[in-house]
Amino acid sequence: MKITVNGNGLEIQDEVKHIKGLIDFLELEDKPLIIEHNQQILQKEEHEKAVLENGDKVEIVHFVGGG
Amino acid sequence: METNRYHRQILFAPIGEAGQEKLIRSHVLIVGAGALGSSSAEALTRAGVGQLTIIDRDYVEESNLQRQQLFSEADMKQKMPKAVAAKQRLSEVNSHVKIDAIVGDAEIDILREIVPETDLIIDATDNFETRLLLNDIAQKYQKPWIYGAVVASYGVTFTVLPDKTPCLQCLQEYIPANGATCDSVGIIQPVVQKVVSQQITEALKLLTGNEAALSGKLISFDLWKNEHTEMEAEALRKPDCPSCSSKRSYPNLAYDSRLKTAVLCGRNTVQLRPQRKQTDLDEVAKELKKNKQIKLFENPYLLSFEVDSFRIVLFQDGRTLVHGTMDSIEAKNIYHRYLG
Ligand SMILES: [Zn+2]
Numbered sequence: 001m002k003i004t005v006n007g008n009g010l011e012i013q014d015e016v017k018h019i020k021g022l023i024d025f026l027e028l029e030d031k032p033l034i035i036e037h038n039q040q041i042l043q044k045e046e047h048e049k050a051v052l053e054n055g056d057k058v059e060i061v062h063f064v065g066g067g
Numbered sequence: 001m002e003t004n005r006y007h008r009q010i011l012f013a014p015i016g017e018a019g020q021e022k023l024i025r026s027h028v029l030i031v032g033a034g035a036l037g038s039s040s041a042e043a044l045t046r047a048g049v050g051q052l053t054i055i056d057r058d059y060v061e062e063s064n065l066q067r068q069q070l071f072s073e074a075d076m077k078q079k080m081p082k083a084v085a086a087k088q089r090l091s092e093v094n095s096h097v098k099i100d101a102i103v104g105d106a107e108i109d110i111l112r113e114i115v116p117e118t119d120l121i122i123d124a125t126d127n128f129e130t131r132l133l134l135n136d137i138a139q140k141y142q143k144p145w146i147y148g149a150v151v152a153s154y155g156v157t158f159t160v161l162p163d164k165t166p167c168l169q170c171l172q173e174y175i176p177a178n179g180a181t182c183d184s185v186g187i188i189q190p191v192v193q194k195v196v197s198q199q200i201t202e203a204l205k206l207l208t209g210n211e212a213a214l215s216g217k218l219i220s221f222d223l224w225k226n227e228h229t230e231m232e233a234e235a236l237r238k239p240d241c242p243s244c245s246s247k248r249s250y251p252n253l254a255y256d257s258r259l260k261t262a263v264l265c266g267r268n269t270v271q272l273r274p275q276r277k278q279t280d281l282d283e284v285a286k287e288l289k290k291n292k293q294i295k296l297f298e299n300p301y302l303l304s305f306e307v308d309s310f311r312i313v314l315f316q317d318g319r320t321l322v323h324g325t326m327d328s329i330e331a332k333n334i335y336h337r338y339l340g
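If you read the protein sequences in the order shown, they are chains W and U. Under full-length UniProt numbering, the residue at position 44 of the first sequence is numbered 44, and the numbers go up by one with no gaps. Under full-length UniProt numbering, the residue at position 339 of the second sequence is numbered 339, and the numbers go up by one with no gaps.
One or more hints might be untrue.
Stretch-level coverage of chain W by chain U, calculated; a stretch enters the list once three of its residues show a Cβ under 8 Å from a Cβ in chain U [stated by the list, open to error]: (1) 13-20; (2) 28-34; (3) 59-66.
Don't read these hints as lab results, they were simulated from the structure. For every residue, glycine included, the Cβ atom is placed at its ideal position computed from N, Cα and C.
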């Protein structure tokens, strides 16, 4: 299935079923992330419930400290 | 006003003569004079803000020159405090701007004095302890502040407006844990300019009375990965936030949340802040010179010396940086051995 992550197209395997799966796939699991799924900001506990479908748009932001 | 100086900016219709007048009457506080702070300060100085206050606790080192645009090799050789070096350069760029340079930590007492006098705070710090303090003081005095941060090729920024947007405390669960913000992965200079472009455009909108043009979004990008993200942040506001809700108590202004020692991320350096004490650097230098092993350097703002594998830098306000360790106990031991 093909989704858009931070503006870029991404082909993902069928094993990646939900947002939580996507985070693991992208190896971002150790960062606190702000995630928007089809323009809806998700709480952390919703990551496993948010099922991915072809054409979905996902935005991922994380905070950094450097200046 | 010199008629030509701001001509192109005045021609830009959303600013115009009226906007330029507002700009000249405004006072901006920039916290941090590293990469983001240098670039922001230069942009606002050229744009013609009336007054700039710059706070920074550090001095210029060689590895800064790749991205911190206000500083020169001479500043590095003389170990100039960044705030002082910035003021010198900015005064050459635009002598009409009143610039106040403060060498020290952005701590509560000093912010309480300055923030009520300012129209806007630009965040150019490198740590969340200071950002949370800025957040609460900005909420308390109802001032906007603009978060900006960079690492590697990634940048993120958000404009916090009192009573209108979520604040940083609302977003606290997304702040990385201590240490995770260390800049051990380096940084490229263009990402600094991109974050500052965003911050300063927002600043110009705010200062010239164009609030309606503000982005209102949490913006992040990775220049190397060609990613750009904008997110509506309203959903992140916490109705019971201790910093911005009606039940506010400003937890980040509590004195006990201040650290006396701070490990400076990614720099192999510990800062020690003894009880506020002005230091006579000449006196200290005289004592240190008795030890023939010590290589001493002094300028009007700080003194620096090397012993074993450590380099110790003492500022007039008593703050001391111990380079060569990330261990605050080791740093304290060295401090007590040489500086009492
Ligand atoms: Zn809040």
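For each hint, the structure was consulted:
{"no.": "1", "hint": "13-20", "result": "violated (count 0)"}
{"no.": "2", "hint": "28-34", "result": "holds (count 4)"}
{"no.": "3", "hint": "59-66", "result": "holds (count 8)"}
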